[in-house]
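K.L.:
The residues making up each chain are set out below.
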Amino acid sequence: MTVLLRRMLGIVPTLAGVVIATFVLTRILPGDPAVFFTSSPTADAETIEAVRQKLGLDLPLWQQFLIYVRDLLHGDLGNSILTGQPVLNDLMQRLPASAELTLAAFLLAVVVAVPLGIAAALRPGSLVDHACRLISTAGVSLPTFVTGLLLIYLFYFLWGLAPEPMGQLDPFIPPPARVTGFLLIDSALSGDREAFVSALGQLVLPATTMAIFAIAPLARMTRASMLGTLGSDFVRTARANGLRRRTIVVSYALRNALLPIVTTLGMVFSYMLGANVLVERVFAWPGVGSYALDALLSLDYAPVQGFMLVMAAVFVVVNLLVDLAYQVIDPRSGLLSHG
Amino acid sequence: MSAVPLLAVDDLTVSFRTRTGAVKALEHVSFSVGRGEMIGIVGESGSGKSVTAFALMGLLDAAARVTSGRADFEGRDLLKLRQGELNELRGRDLSIVFQNPRTALNPIRAVGTQIADVIARHDPGSAAKIRARTLAALQAVRIPDPERRARAYPFELSGGMCQRIGIAMALACRPRLLIADEPTTGLDVTTQAVVMDLFRDAVRAGGASAILITHDLALASEYCDRIVVMHAGHVVETAPTAELFRHPRHPYTAKLLGSVPSAVETIDDLAPIDGSLPDLRRADLPVCRFAERCERRRPVCDTAPLLPEPCGPDHLVSCRVPL
Amino acid sequence: MGDRLALARYILAENPINLVALLLFLAFVGCAVLGPSLVPYDPIATDTAVALQPPSAAHWFGTDQLGRDVFSRVVVATRLDLVIAFAAVLLSLAVGAVIGATIGYFGGALDTSVSRVVDVLMAFPLFVLAMAMVAALGNSVSSVVYATAVINLPFYIRLARAEVSVRKGLGYVEAARVGGSGHARILRVILLPNILPPLVVQASLNLGWAVLNAAGLSFIGLGVRAPTPEWGIMVAEGAQFIVSGRWWLAFFPGLALMLAVFSFNLLGDGLRDIVDPRSRT
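Protein chains in written order, with this note's numbering: chain A, 1 to 339; chain B, 1 to 323; chain C, 1 to 281.
In case anyone wonders, no lab produced these hints; they're calculated from the structure.
Quantities reported herein were computed from a predicted structural model and do not represent experimental measurements.
Hints may be right or wrong, so weigh each one.
[What the hints assert, rightly or not] Computed cross-link-like contacts, SDA-like style, restricted to lysine to any residue with a CA-CA straight-line distance of at most 25 Å:
#, chain 1, residue 1, chain 2, residue 2
1, B, Lys80, A, Arg236
2, B, Lys80, A, Arg123
3, B, Lys129, A, Arg245
4, B, Lys80, A, Ala131
5, B, Lys80, A, Ser251
6, B, Lys129, A, Leu122
7, B, Lys24, A, Arg70
8, B, Lys255, A, Arg123
[Unchecked claim] Stretches of chain C that chain A covers, calculated by requiring three or more beta carbons in the stretch to come under 8 Å of a beta carbon on chain A:
#, region
9, 69-80
10, 251-258
Don't be surprised by glycine CBs; every beta carbon is placed ideally from N, CA and C.
One chain only, chain A, in its complex shape (with noise of 0.2 Å):
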């Protein structure tokens, strides 16, 4: 136990590095914004002051970063200048857009890059083999902003079988009761046939392409790391003692084998939460990817630093969780002890 909160205390100066480092890179991004927010070519050098002063920016450096961080205690994001609306807010809005797409992707990914690298794995030199080992090294190559386009291009403009990528809900359809935010969820918490087929469907792209990426380097490391319990001394051990087949590539090959595959989950999902923005930009999905980018084209401070803070506080936790399965998989790691 004791093991266990340790590693969960030794989170916490990241995350203190994170919040210092969130607030210094925005504050260093170009442009007065309360130039930008007053931008009307009346306004002068006294109206300039004054939303300056409003918006603390006048105050020294080091006082405006206790501001924010007695601010951030209290939940308070600050105020996006675009939507005029608290950023934790905004946030809370969008987050289970973003969030939806990337369980969906990384579900896919999951569910395609696994079976496929331990069938590589049992199957040597055969055509499942190489094709693994095709798609691992494509995989990594293709950015992720031109297979959203080609996707595109294929399903939706030659094929005709992808709706339009024109965010998470056909605009003629309304949208279910919002409960989770999840529109897959909600429409099927609301009984809404339409709308769950409607989001489905407009799930479908941009959760490939971000899958797609993913696939590559997950499918590799399984394979991998198959193959080396798969030649393993304890393997052959197994196989002289005539255990089944199914009793050694679960038991003894695949668990062993689950270290370095969760260790790249984790990887995969932090890469993620990077591609969202690509992908939110390329299908116009609603998340905080779109929000945040948007934002920071036009110079608007709090959504830029909230949306880092998100997304670095989600990849700790994640790591975290990372480590713990780490544990508990390997009993060597001292979580579980033996007499």
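Guided by the hints, dock chains B and C onto chain A, whose structure is given.
P.N.:
Using the frame of chain A, we list chains B and C on its own:
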């Protein structure tokens, strides 16, 4: 010993495909194991001892080719069995203890569970019954506090303890034949003796036969009834232990005996064997693979085939110019 | 060295893909070096009369919305993208190696504090960090290079630190210390050259990623700006025409991007096989 042997290996030939050529690892290997007998296969590293064991167990890797030979075990040829039949046999009638006890065990699975896996595979039953048999297997190798030890992981156990687990696993389903591939490697001398005694007693108690593979002639002499001497993939001599030590017939065996501390009077009498194992990838390997290291070499040594000839009571030698 | 070459020849022969990758790589380098002087059209000259033409004999890759020749632009863009990627990776490698080697060598508080900073850096999804940095530093080629270099820094720092930690206790380092060499000299002359091979392998594997990063940044409008020909910008501009079926504006720069990254990745793999075959997957 005059009854039908438990295992009869005849003319076993194995080669490996590698990037740099075919390695003719085993050639015309023949020996037998009687019921209740423990034989030793001895030779230098690289003489093909482990390859023989793996060939019998069906554990050779994909690059290996068994190009000829039979291995009759209880009326069936091990080398011709299909995967399914082999899997029935392995772990139940025929089992093996490996060289490196710690790596031979699954590092993230409790040792008791690993033994139970083997038992459940060959003799399925209720969980309680399997658990009882697992504990019995641990007790058979004299592991103290078996209930607690069964829950342990390999990294929590000493090397000697891991090897006992390995032996317990191999004996769990009461095999007829047990192969031990260098079971004492990596263990200190005291533990070696303990493990070997345990091994012998457990094998005898089960009425099984055993093959002990080792480079340690002294070890073989202490525990084995008969000894098979291998060199560079050939069986050069087989004889009961006492007979082999009293009357070695093959020049290699004699040199081997002369290089072992316990077999000679003083350390000054220790004589290393000249030369080294020939490169088994060569296309021009001589008929007798020891010829290039042997002082007794004659032109007759190059005539094929080189077959084992009787030269004493239950004593065979493959040499044209035996001692 | 002789058997390294033999191994190189073996690896090239074993898998024909490696040879293809090498040829592709050389083709790209060729485009980067010679391209701008050999292209048929001026990459930024507009001619609205021939706008949005599909690929033809006159314009192999078609023309874009301003009548510019897509082929010329794709070839010329090679130089920019390759330069950005190489510069970023080299910078990362150089700075990361020095920092990592230093903290690995001295250990202690220096190591802990720098490692903490690296942890914080790695807590951000890399692309997000790059975005923020380019926005902060201004839209230019150099800011893309710096941003890409910074986000890759942690890998080299960690690798160099690990390699030096392993080597600093070895005999020849001890011997040098006893012989009177100062720390700086040991680091510079003995340790750094020795840890270069794994770092170079990491660099070659990172090259593809650096190109993708740079293209991604310009795709969303950060870093390199129009009308400079750059693959990411071209894809972004071409994106709006995809839905009306004019695929060639985005397709060819996208293809160039994919092939470049593909060949870099394969070469990186090949290089790794030669330098450290044990880590082959």
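K.L.:
Okay, which hints does this one fail, numbers in order?
P.N.:
Going through the list in order, the structure violates hints 4, 5, 6, 7, 8, 9 and respects the others.
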